[in-house]
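In terms of the numbering used here, the sequence shown opens at residue 40 and continues consecutively.
Just so you know, not all the hints are guaranteed correct.
[To be verified] Heads up, simulated EDC-like pairs for lysine to aspartate or glutamate below, C-alpha to C-alpha not over 16 Å straight-line: (1) K286 <-> E194; (2) K82 <-> D126; (3) K174 <-> E147; (4) K146 <-> D111; (5) K146 <-> E136; (6) K236 <-> D184; (7) K62 <-> E120; (8) K174 <-> D288; (9) K262 <-> D244; (10) K220 <-> D235; (11) K225 <-> D244; (12) K236 <-> D276; (13) K220 <-> D206; (14) K210 <-> E190; (15) K225 <-> D206.
I should point out that these hints are in silico values taken from the structure, not numbers from a laboratory.
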Amino acid sequence: MVVSVYRSRVAGHCRLVTVTWCKNLLAHGLSVSVDGPQQHSCKVQISPWQPWRKQGSNRFQIGGETVEVFWDLHSAKFCNEPEPQSDYYVAVVSEGEVVLLLGDLRKEAYRRTSSRPSLIEAVLVARKEHVFGKKRFATRSRFHDKGSRHEISVECSNGGGGNMDLDMEIKIDGDVAIHVKHLQWKFRGNDSILIDKRRVEVYWDVHGWLFASGLRYALFIFKPESLSSAGGGGVGDSCCLFLHAWKLD
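Construct the entire structure; sequences and hints are all you get.
So this is what it looks like as structure tokens:
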């Protein structure tokens with residue numbers, strides 16, 4: 040499951056728009072929700088025997104204003120991921136403007152919605168992912184609105200002192216950024232790294248990996264420094280990543 044939270048101007052106010060992608064053995068799912076006095080959402084389940092649901096629209100009211108969600112996933116390439124990688128669009132329209140547009144079929148989206156681009160671009164503020172593995176857990180994410188996507192991986196190995204003596208490496212684009220030895224004594228911690236020449240605080244909690252039973256997960260938080268706190272004058276352009284790494288025996 041992949042959850043992305045955007046800040047956008049919807050129905051005359053700055054609101055959070057949450058886009059959730061999920062998959063199981065039979066289908067993919069898409070949910071778009073908009074914060075308000077009451078949360079409004081649009082949910083779509085896409086399966087091989089319901090091809091007509093791969094393209095459509097839905098609408099709801101927020102504060103007396105109509106908000107529409109358009110999607111076209113007919114040719115989307117998921118590459119075995121919950122979130123499509125190409126050949127799709129998801130658009131949120133409010134007051135005649137496309138206030139959030141995802142995917143690479145931008146021209147098709149504007150033509151389908153008959154709406155103009157918003158003067159205020161939506162900003163990605165947070166992302167939550169669930170990944171599964173035995174010793175390696177990886178994803179791709181960007182940490183700033185205009186930044187490039189990076190591969191983030193977490194790898195565990197035996198430290199040589201027995202089954203409970205583990206080492207952990209957190210890598211960015213294949214390069215080791217954080218190396219934690221004797222993880223059983225340092226199962227919670229934090230450190231600072233540089234990504235795109237900007238500081239990112241990394242927090243980890245792997246207590247569940249070491250001491251829980253059954254299906255268990257560790258939590259990793261990557262929190263970038265915003266331009267405003269770094270003295271760059273910008274505000275709110277950073278994206279915080281919450282990575283839930285589920286360990287399979």
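Here is how each hint holds up against the structure:
no. : hint          : result
1   : K286 <-> E194 : holds, 11 Å
2   : K82 <-> D126  : violated, 20 Å
3   : K174 <-> E147 : violated, 41 Å
4   : K146 <-> D111 : holds, 12 Å
5   : K146 <-> E136 : holds, 14 Å
6   : K236 <-> D184 : holds, 14 Å
7   : K62 <-> E120  : holds, 8 Å
8   : K174 <-> D288 : holds, 9 Å
9   : K262 <-> D244 : holds, 14 Å
10  : K220 <-> D235 : violated, 26 Å
11  : K225 <-> D244 : holds, 9 Å
12  : K236 <-> D276 : holds, 15 Å
13  : K220 <-> D206 : holds, 5 Å
14  : K210 <-> E190 : holds, 8 Å
15  : K225 <-> D206 : holds, 10 Å
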